[in-house]
Amino acid sequence: MRSAIRAFSTNVTKTDRKGFVPRRALLYVPGSSEKVLAKVPKIKVDSLVLELEDGCPLASKAQARTNIAAYLDDLPSKGDHACFELGVRVNSVSSGLLADDVKELSKAKHLPQVFLVPKVDDPDELAAIWDIFKTNYGAERIQNSKSRLIIYIESARALLDMPRLLATTLNLHKNAGFFKLDGVVFGSDDFCADLGMSRSNEGTETLYARQRFVTCCKAFSLQAIDSVYIDIKDLDGLRRQSIEGKAWGFDGKQCIHPTQIPVIQESFLPPPDKIEWAKALIDEYIKHENEQRNTVLTFRGSMVDRPVILQAMNIVQTVKYIQESQ
Amino acid sequence: MRSAIRAFSTNVTKTDRKGFVPRRALLYVPGSSEKVLAKVPKIKVDSLVLELEDGCPLASKAQARTNIAAYLDDLPSKGDHACFELGVRVNSVSSGLLADDVKELSKAKHLPQVFLVPKVDDPDELAAIWDIFKTNYGAERIQNSKSRLIIYIESARALLDMPRLLATTLNLHKNAGFFKLDGVVFGSDDFCADLGMSRSNEGTETLYARQRFVTCCKAFSLQAIDSVYIDIKDLDGLRRQSIEGKAWGFDGKQCIHPTQIPVIQESFLPPPDKIEWAKALIDEYIKHENEQRNTVLTFRGSMVDRPVILQAMNIVQTVKYIQESQ
Amino acid sequence: MRSAIRAFSTNVTKTDRKGFVPRRALLYVPGSSEKVLAKVPKIKVDSLVLELEDGCPLASKAQARTNIAAYLDDLPSKGDHACFELGVRVNSVSSGLLADDVKELSKAKHLPQVFLVPKVDDPDELAAIWDIFKTNYGAERIQNSKSRLIIYIESARALLDMPRLLATTLNLHKNAGFFKLDGVVFGSDDFCADLGMSRSNEGTETLYARQRFVTCCKAFSLQAIDSVYIDIKDLDGLRRQSIEGKAWGFDGKQCIHPTQIPVIQESFLPPPDKIEWAKALIDEYIKHENEQRNTVLTFRGSMVDRPVILQAMNIVQTVKYIQESQ
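Chains as they are written, first to last, in UniProt numbering: chain X, 1 to 326; chain D, 1 to 326; chain Y, 1 to 326.
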């Protein structure tokens, strides 16, 4: 019945790095600056995103495309990266710039680990996005890649239609072999502009939007990435909003400056007692799976069902992955 | 146009006890303990629920089934109950335990007044639930019973799909004669686990979920039962959350300890001026219905439409029912 | 893909008065009092609504219909109105009074600039509403008029089904020539009665409802009009709630007393820096549209897409319109 969850659960006993990427912080790096690109391998952040969209001025987009394509083409020469994941954020299909982005990127020998596609507003747009990728990369290269997909919800219409948007994207993977959707980002700036909202520090105006957003992500077992905290100097406010986001079910947060990384990544790390609980539960779960398939799992006195196992798995994978890389 | 409401309105002039059950507090009593079961007739609470699900450890489920079936079989011998309603919470269909529950319960001569089915996630599950009941009780025994149904919303997917879930359940009554859906419970613990949320005392993290939940219940004229307040010793916090729930439109609250009953039931009782208003309006409504069918009802200067009448009816029935039984 | 938005955008370079009506405050004036009606031309408010529904007692409805029809019949003789828009709120289709309202109104030579139809609960009701208007006015007279439509969302069911309600209403304009839907009002009193809610001054109980309401309006590029502030004497509370509404994306607020007008209209006026920004952006946009159609517009360093242009357009039109009339 829960096809998204069932699909996920086939991987659930493998805590391998390929199956899970922590994205506590997701940092944008402008692709237009070669000087900044040279520093990319050393930047320590869960997810590092080379930027072609809003962080890249229109006049620099052609240069940024060439730079990023060259970077990807020559990826092995960069050595090990300090980040867990290297992604590229392309322009939206409605901007008319996506085809040029993908055309240039597809010339590189390597694909990024994740493509981030902003401003997905309508299930129809997904067909157009898939078409642009297929035309440039070829269906086979996409199907054989391990690259993932992250999309952005940034308008009133997209938020209302989000369940259908996510189901359509997951089906494009299942039926056509498009990159597997792995996470969703709430683009609050464009969302607030679309609604004519004024932003406040408390963020009450986006409570409905952010809580509906998380609910939709989790209904499809997808990572939920929270909005940007604009005020770079206010690290206390950033911490407060990060902790709130984690408490509401978000898995990570967008990040526009390196000083925000430690505050965000610390806030999205599970507390020690939760880690202990999760490890013990997963041990029990694996033992149970190997032994007696047709009974219900109980742990510390209570029955355990799928959401609890997924939550524990998420905690264990995050921590394992982060520890291994230190 | 509002079929659910129209269906309800055919009963609206009968303020009989069969048509309405107040469920300000809904107390779970473990079915596994014969000692506790012996006290059931004397427990004073609106709705008393014999528990086979989360409050009943896996190892005790078989015993609990036997105990509850025996209790129901021998129901007349227990005399009058102090509660308004005696229910049984079975296990979810996804647990794989529901068939065993219903098989055992169906051996008893009597049915509980309400069956409570947790973790309904998907309209497809309802067909499976109906099938299990039909197989064990037989369609005719179900159709001839006065038993009601309460279901639980406990996941992101269920909350998003709630209108379709409720419509499907009401249609199962209308088209196949399944128990009539009468109320819905928000299962906040499982919901928060599904979303990876951390609970706070203020409960801001579930604001969207609880307010959407009430809206869905009321769109189908169903009772809305609020989440459990976990901290048994904090009666002030319980009172605060109960009053908030009532103000948001909830009709009652789950209850995990007898000390919580008076606080909850008092909080969910309408205030005296509201009771006076409701009684006068219903008197006027009955007079109006008997006299002049094709005009609009006005009361104290304003036109009165269906939702206002239902609200007044709810208040009058709650108070009447409670007073009669004291 | 965004048909509603695209439809709007064809007008976007014309800042004519016909294309846009500011509705910061929407004042109800009872149609039953000839004395009050005589003052209508001098009342200074963005949108002035002659009232046949809740503000008009049942016993006075026939008189109010006659008065309003006479007013509209003789409209040119009233001279220039101080309001931007003169509307009529009719009764809901479910009240059974709508046909009588429209029959009487249709006898007048002139139509109001906007018809306000309350308590639209179900897409099926829209067919009934369209039918009543067509029967009385004739399809041609409706299609040739410039009158707009505003509908009210006032129940749990309507809020849940709001996207389909708005799409159906916009389609009735596109396919059958019914009045063009231009705005939507949140009827909080009936909504709270439908849900059995108690109102508080802070209004936390309607947070979900109001934020979902705005999101639905903006997904279809419609004006969102906020709930009534009941306590006429509490102008500070009114200001607080007006500012909150504007920050959340509302375009205006209902108004039940003339003293509320200045507080509301001031709160819904954009701040000076926002006005400067919007004017400069629209100048740039018009230049860009005239010159180089196939590139992306950038403004002050960032790319500008449709929602931002619509937001700026809304600000410019509001201010231009208001200034021209002073």
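Derived by calculation from the structure, the hints in this document are not laboratory data. Among the clues, some could well be false.
Identical copies carry no separate label here, and so any pair may be met within one copy or between two of them.
Stated by the list, open to error - Capping the alpha-carbon separation at 20 Å, the derived lysine to any residue pairs in SDA-like fashion look like this:
#	residue 1	residue 2
1	Lys-274	Arg-199
2	Lys-180	Ile-286
3	Lys-134	His-81
4	Lys-287	Leu-126
5	Lys-287	Leu-58
6	Lys-274	Ser-200
7	Lys-146	Pro-123
8	Lys-320	Thr-259
9	Lys-39	His-173
10	Lys-146	Leu-72
Lys-287 and Leu-58: within-copy, between-copy, both or neither at 20 Å Cα: between (55 Å within a copy, 18 Å between copies)
Same-copy or cross-copy closeness of Lys-320 to Thr-259 [CA-CA at most 20 Å]: Cα proximity of Lys-320 and Thr-259: none, with 24 Å in one copy and 43 Å across.
Lys-287 and Leu-126: within-copy, between-copy, both or neither at 20 Å Cα: neither (41 Å within a copy, 32 Å between copies)
Intra- versus inter-subunit Cα pairing at 20 Å for Lys-274 with Ser-200: between (32 Å within a copy, 16 Å between copies)
Within, between, both or neither: Lys-180, Ile-286 at alpha-carbon 20 Å: neither (25 Å within a copy, 41 Å between copies)
Alpha-carbon proximity context of Lys-274 and Arg-199, limit 20 Å: Answer is between; shortest inter-copy Cα gap is 13 Å, intra-copy 33 Å.
Copy assignment of Lys-146 with Pro-123, given that the CA separation must stay at most 20 Å: For Lys-146 and Pro-123, neither the intra-copy (23 Å) nor the inter-copy (34 Å) Cα distance is at most 20 Å.
Same-copy or cross-copy closeness of Lys-39 to His-173 [CA-CA at most 20 Å]: neither (33 Å within a copy, 57 Å between copies)
20 Å Cα threshold - placement of His-81 relative to Lys-134: Answer is neither: 28 Å inside a copy and 60 Å across each miss the 20 Å cutoff.
Identical-chain pair category, Lys-146 with Leu-72, by Cα at 20 Å: within (15 Å within a copy, 57 Å between copies)
Violated hints, listed in ascending order, are 2, 3, 4, 7, 8, 9; each of the other numbered hints is respected by the structure.
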